[in-house]
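J.: Sequence:
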Amino acid sequence: MTVIDLAKSRLSVWPAVLIVACLVSFECAEANAQGGFKRSSGSPYSDGQAKQATPGVSKFEPSTNRNATPTFGRGGTSTLTPPRTSIQQSDPGTGSQIGDTSGMGEGRVSACTIEYVDEIDVPALETGALVEMNVTEGDAVPTGTVIARINDTLLKHQLRQALVRKNNAYRIANDTTSMEAAEKQIQLTRQRYETTSKLERKGARSSDEKLTARYEYEVAQLQLRAANMRQLEAQGEAELENARAREVEERIQRHAVVATFDGVVVDRYKQQSEWVTAGEPVVRIARMDKLYVTGLISNRDYNPSDVKGKDVLVTVELARKEKMEFPGKIVIIGSKDIAGTGNEFMVKAEITNKMKQGQWVLRKDARVSMRIMLK
1 MTVIDLAKSR LSVWPAVLIV ACLVSFECAE ANAQGGFKRS SGSPYSDGQA
51 KQATPGVSKF EPSTNRNATP TFGRGGTSTL TPPRTSIQQS DPGTGSQIGD
101 TSGMGEGRVS ACTIEYVDEI DVPALETGAL VEMNVTEGDA VPTGTVIARI
151 NDTLLKHQLR QALVRKNNAY RIANDTTSME AAEKQIQLTR QRYETTSKLE
201 RKGARSSDEK LTARYEYEVA QLQLRAANMR QLEAQGEAEL ENARAREVEE
251 RIQRHAVVAT FDGVVVDRYK QQSEWVTAGE PVVRIARMDK LYVTGLISNR
301 DYNPSDVKGK DVLVTVELAR KEKMEFPGKI VIIGSKDIAG TGNEFMVKAE
351 ITNKMKQGQW VLRKDARVSM RIMLK
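Using UniProt numbering, you'd call the opening residue of the sequence shown number 1 and step up by one each time.
The set of hints was computed from the structure by calculation and includes no laboratory data.
Note that this is a predicted model, so its numbers are computed, not measured.
We put the beta carbon where it would ideally sit given N, CA and C, even for glycine.
All clues stand as given, with none of them false.
Cross-link-like lysine-lysine pairs, in silico, DSS-like; alpha carbons within 27 Å at most: (1) 198 - 210; (2) 310 - 348; (3) 364 - 323; (4) 356 - 321; (5) 348 - 321; (6) 329 - 375; (7) 310 - 323; (8) 364 - 270; (9) 356 - 323; (10) 354 - 364; (11) 354 - 329; (12) 375 - 354; (13) 354 - 321; (14) 329 - 356; (15) 364 - 329; (16) 198 - 184; (17) 290 - 310.
Estimated spans, in silico, between C-beta atoms of each pair: (18) 191 - 236: 32 to 42 Å; (19) 160 - 262: 33 to 43 Å; (20) 195 - 250: 52 to 62 Å; (21) 143 - 226: 48 to 58 Å; (22) 327 - 279: 39 to 49 Å; (23) 168 - 208: 37 to 47 Å; (24) 143 - 183: 48 to 58 Å; (25) 358 - 311: 22 to 32 Å; (26) 168 - 262: 37 to 47 Å; (27) 254 - 320: 46 to 56 Å; (28) 305 - 142: 38 to 48 Å; (29) 177 - 262: 47 to 57 Å; (30) 277 - 171: 33 to 43 Å.
Please construct the entire structure, taking both the sequences and the accompanying hints into account.
T.: Below you can see the structure in the form of structure tokens.
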């Protein structure tokens with residue numbers, strides 16, 4: 001083969017090489033436009049079998065990560081470094097999700113407990129022995145329910161006496177007989193005095209008789225005034241006895257231990273026949289229709305402003321793996337750190353309780369979890 005023939009044969013190969021190079025460049029550009037390259041450094045298959053690559057040729061596959069950054073290593077081969085992403089962490093103590101808040105979807109609260117919104121000790125207002133104890137723990141007590149009663153026998157006797165005195169005083173105050181008699185006596189003596197005066201002017205009566213008639217008329221006026229004063233005194237005495245009777249009635253009412261709001265008896269401190277002193281608690285009642293769910297939030301993940309006023313969803317575990325959910329709202333942000341780590345702050349959500357088969361579902365010892373709706 002001559003030199004000219006050899007040159008012609010080599011020139012005929014170069015167009016094919018150029019075409020292949022162009023096709024490879026075109027495919028690379030298209031893959032890069034779709035999101036970059038990812039080098040198949042291992043097996044891309046789920047069965048774990050590595051795909052054999054042609055020695056000396058770097059093989060690339062389209063990457064699904066648009067933010068991947070290609071870097072070139074030794075020998076011109078390329079590798080892709082994925083961008084750093086936020087990693088959700090889990091609290092090892094409670095399993096509650098903490099971590100990235102950029103999505104601001106839901107936040108879980110740890111160490112959740114139930115607290116009463118209203119909870120009071122109901123005291124005895126008087127000193128004495130408990131003659132009645134009408135409730136036990138767990139009983140519902142509407143407002144005004146007589147929970148217990150202290151011995152009031154002596155006061156009831158005093159009340160009966162006070163009522164008798166009051167009734168007598170009102171009877172005297174309402175008796176107008178003396179007033180009516182005094183008024184009639186005035187009319188009679190006035191007529192007698194007028195008649196005697198006329199006869200005295202005609203000479204038929206003496207001046208002494210006229211003076212006597214005038215005296216009788218003036219005495220009748222004084223008697224009417226005295227009768228009026230006696231009636232006013234009787235009315236005042238009746239009001240006084242009425243006030244005394246009311247005082248005894250109020251003291252009797254103070255011997256009753258009464259519920260001041262709708263609630264449930266959560267503790268009973270006294271038994272029937274026990275002695276109590278004024279101010280000593282007899283039972284403890286709590287409001288059940290509204291409750292607080294209290295928990296802790298890590299200040300590494302949320303600021304108090306992130307959760308203040310946010311809606312929450314409380315889940316309670318019941319028997320036989322049954323669960324119920326209760327919506328609520330964050331109403332209190334506190335600085336109290338129950339765990340004592342200094343890295344958490346307290347939140348309180350107000351929840352509306354529910355009834356099931358005549359019983360409140362949420363109770364203080366219930367196991368609950370709480371999620372905060374951050375969006």
